[in-house]
Amino acid sequence: VDQLTQAPPDVILGLSHYMHGEVCRIQSDATAFPHRKEHSVHLRVAYNWSDPRETDARFAWGENWLKLLRPVSNENLYANYQTYETAAGSPSLFGLNHPRLLALKKKHDPENFFRRNANIAPAKT
Numbered sequence: 023v024d025q026l027t028q029a030p031p032d033v034i035l036g037l038s039h040y041m042h043g044e045v046c047r048i049q050s051d052a053t054a055f056p057h058r059k060e061h062s063v064h065l066r067v068a069y070n071w072s073d074p075r076e077t078d079a080r081f082a083w084g085e086n087w088l089k090l091l092r093p094v095s096n097e098n099l100y101a102n103y104q105t106y107e108t109a110a111g112s113p114s115l116f117g118l119n120h121p122r123l124l125a126l127k128k129k130h131d132p133e134n135f136f137r138r139n140a141n142i143a144p145a146k147t
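Residue numbers (our numbering): 23 to 147.
There may be inaccurate statements among the hints.
What the hints assert, rightly or not - Cβ-Cβ distance ranges computed for the label pairs, FRET-style:
(1) His42 x Ser95: 33 to 43 Å
(2) Arg137 x Arg66: 19 to 29 Å
(3) Gln25 x Asp73: 40 to 50 Å
(4) Gln25 x Tyr100: 17 to 27 Å
(5) Trp71 x Met41: 13 to 23 Å
(6) Cys46 x Ser72: 34 to 44 Å
(7) Phe55 x Asp24: 25 to 35 Å
(8) Arg80 x Thr53: 31 to 41 Å
Keep in mind that the hints were calculated from the coordinates and are not lab data. Even for Gly, the Cβ is constructed at its ideal location relative to N, Cα and C.
Let's have the full structure, built from the sequences with the hints guiding it.
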């Protein structure tokens, strides 16, 4: 809470998913989306600025926020919340499903036609 009181004025904190019900009854490896732990939350912090001189301070605040959350986080990412530094198709997006998804991508889309959003780059041969 203290960190939020020091937030830049345009920070938006969103609790977008509280995981419960049917979505948690599906096995994590049944679909590409593995983040199904019951009673977990998907938390999103967004902030914008227009003055380039504020960039370092904004990133520093965000990094500090992440540092505070890491002890209570599994550090996985929800595909719609990719950050500026997240490599597309990162294992943090797909968890233990990532190797299986790489194999499927290599088989069905080796030219990477479907490469938008949470892309999984084809496995190198």
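**Item:** Hints not upheld, ascending by number
**Value:** Hints 1, 3 and 5 are the ones this structure does not satisfy, whereas the remaining hints hold.
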